[in-house]
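Taken in order, these protein sequences are the chains called A and B. Residue numbering for the first sequence follows my numbering, starting at 47 and increasing by one per position. Residue numbering for the second sequence follows my numbering, starting at -9 and increasing by one per position.
Rather than coming from a laboratory, the hints here were simulated on the basis of the structure. Think of the CB as a built atom: it goes at the ideal place given N, C-alpha and C, for glycine as much as any other residue. Not one of these hints is a red herring.
One-sided excerpt, in silico: chain B residues whose CB lies under 10 Å from chain A:
1) Ile5
2) Arg62
3) Met67
4) Gln71
Sample of chain B residues with no beta-carbon within 12 Å of chain A, all distances over it, derived:
5) Leu20
6) Lys33
7) Ser37
8) Ile41
9) Thr91
10) Ile104
11) Ile147
12) Ala154
13) Leu197
14) Gly217
15) Val222
Spelled out from the first residue to the last, the chains are:
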Amino acid sequence: MISVNGVVKSYGKSFKLEIEKLELKKGLVVTLMGPNGSGKTTLLKSLLGLVIPEKGKITVDGNNISGESDYRNKICYMPQSSPFPPNLKVKEIISITRDIRKKQNNYDYELYEKFGIESILGKKAGALSQGTRQRLSAALAFMFDSEIVVLDEPTAGLDPYSSEILKARIIKLKKAGKLVLLTTHIVNEVSELSDRLVFMLDGKIKVDRDSFRTPGGNGKEFREMVSKLFMENEPAKNI
Amino acid sequence: MNLRKIFKYFFSDIIRSKWIPVYTVLLFALTSGIIYFSRDGQKAFISLLNIALYLVPLLCLIFGSVYNYNSREFVEMLLTQPVTRRSVFLGQYLSLGLSQTAGFVLGMILPLFIYDFSINAALLLAAGIFLIFIFNGFALLVSNMVNDKVKGVGILIAVWLFFAVFYDGLMLFMFYYFADYPLEKTTIIASSLNPVDVARTFIMLRLDMSALFGYTGAVFKKYFGSGAGIYVSLLILHLWMIVPSFFASKKFKRKDF
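Okay, chain B solo, but in the shape it has when bound (with noise of 0.2 Å):
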């Protein structure tokens, strides 16, 4: 019950903070941007899908982090209440995520079905979905866990560096290293470990575009097939989901206020 009401108010003050129309707009003016300017309509797909993959999560991150830094004493002033802090972390949890949502079905998704991508669109809401609150588990992990605003958003932001560009720099390094060993499964284990990798492989899988799988998408595809596929990234990206939020959970209801 009470959890209704929470979520009501974090949800109306993150919706009137400059936060998410800002968000908003820039996801609006990128994808119309990108539609009416490429004549291909895959490349600019690929275009978007590089933006839902890689700008949003570092959005995700950097807004959830500093939001929950700058609601500490708002935090504080419920958990004076007579509400459990399960409730005040799902409220502030979801009501991040929902909101982040609704910026981006606003500014990337609607745009998409305008310009009669709707297939492709519903894909990139998915993921985009997941990705949005992955990262927001990870931001609220973070800045529930390091007081220093400073550090904890850069904390975050190498979380960012790690995910969206280092981790396919060390596949590649293992790929090259021990190019003479099977490597099957330790891609698959090795892919399954990067959020970010696994939602553009559920997307490539479903479009079946063979030259965009990478080596990654590419054993996925062979180990699995197109279908099942699917299921082991959308089963893979639930994971994801939940392991984030749960730690961050954790620490929340230990930490001191």
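Pulled out of the complex, with its shape left as it was, chain A reads as follows (with noise of 0.2 Å):
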């Protein structure tokens, strides 16, 4: 479904991401991990087609996205931080998001309901608390019923409810053959959640693993490995 080849970007001296090669198919969670700085946001922007690599390939589907805009159809991505312009509405942004994306017969409201976007409708995005921005930012990562959901950091800035169902919605998305793509640093949510792991460091893929969780294990093995990892590789270094 999303496939990266010889992708290489680089940020000055500082910085280079460099994929050799990474696949990843319908029907699985994907969690990109690894210390700040190592590349998992600029993997996810790539694409998206925020930035722009130096060199290789990616492809939605078998289509190359370079230059392309109408594969994001197929994606929705929840960022980092809400990015939303202060002196618009709560139902302005939904209907941006709405009316440039293509037309569908089915939107799901599940978070959107969840989430109570019906009280904040008349507010200002610049009125909301940094908490209920994310959870704009999730329904609207959801409504559109997307083959692909990127999320950065979900439950960063969540309270503890809301994050439950967010995580609840990422295994029914899952369930339903959807591909979801995230990136976290919560051990536990991975154990939780993922299906796979890609462990990053210095811009390239450390490990690539799947089904590390054992059926009704608590994910002991899983947090052993990640602890290991981030130890090996002096994560201090990097902040």
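Once you've looked at the hints, go ahead and assemble the two chains, each given alone in its own frame, into the complex.
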């Protein structure tokens, strides 16, 4: 579904993203993990066309995304911080997104309803708290029933109740055969949600591992593995 | 199709910010004050012309760039949707230009019409619109090139100082230093390289205010005559409107968010 081949993106001498090969298929929750500055967000942004790689090829459903925009009808994105213009009302933000995406018959209002978006429709985005903006951002990312959902640290800034709702929604989406690609720093979250872990370090994929969860297990093995990866790679030097 | 929608949302966001009302009220107060307190219509018009030629570009540069820096995350959000970068750029550029044109019309042109300066007002409107779009093009170009807001605004203030203040000094220096040489063609080329100069020449040629032409205006008139001079200056203003916005759009298409 998503294929990344030989992608290179550098920011001066300080950072270089180099992804030789990465294939992401439907019906999975794939987690990108790694220390701050390891290239997770750059990789996500490359998939979305926000960052333009110097080399390499990214395809979605076999189509090269370079210079294209239509493929983004298949993708919804929830960024780390919720980027809404402060002077626009919530209902306008929702209608912008609906207006510029391909018309569809069924919108998915589950998160919209559970997060109480209806009650804030008349408020300006600038008047919303960070947590409420994150809820709005999540509701928008799930509203269009997309084939691919990209979530950049989705539970950061959300209260525990909203986090649980969001996690349940992620699992439901996976069961519906969609691809969920997320980044997180919360180890428990990965063991709860993920089918596949891609651990990044200094712009490269260090570990790409499937099926680390033991059925009925508590994810201990996985947590130990991630702790080891972080310890081995001296995260402090990347901060 | 998407361009219209994107324009609509940028435009409503800009119109609702504090900038446009403040900009409109400032221009309205200045224009009304100058017309009210000045007894000489021509002098009042010259004062207003200076506001349009010098203050309006400065405000465009500052507002255009600050708005672009502040809406970066919104632009990022739009770019994660199925829209082309071209539509987003044009939507932003046109909404910045047209919202400021609306402020300019309400703040400066309307009082001129009310006080029956109608022909002059039409000229000032034309020159003002050109300058608004030209300098918003510069604002987007620099703010798309420089990620640091303070640095970007600083560079734009330097751009304004160059066109509004230093350029005339450079021209004077050139005329003085090369006084013994024929400078007509050089003068025309040199004055074409400054949009503020071209806008001033365009208005002066139309009004035939020879005393206010300045050296470049006089050369323009001598070389092209009043009629052709107006068309040439209009053509140059059109080119000026295209060049910075073209490079700003090119930069935007390759920009990483």
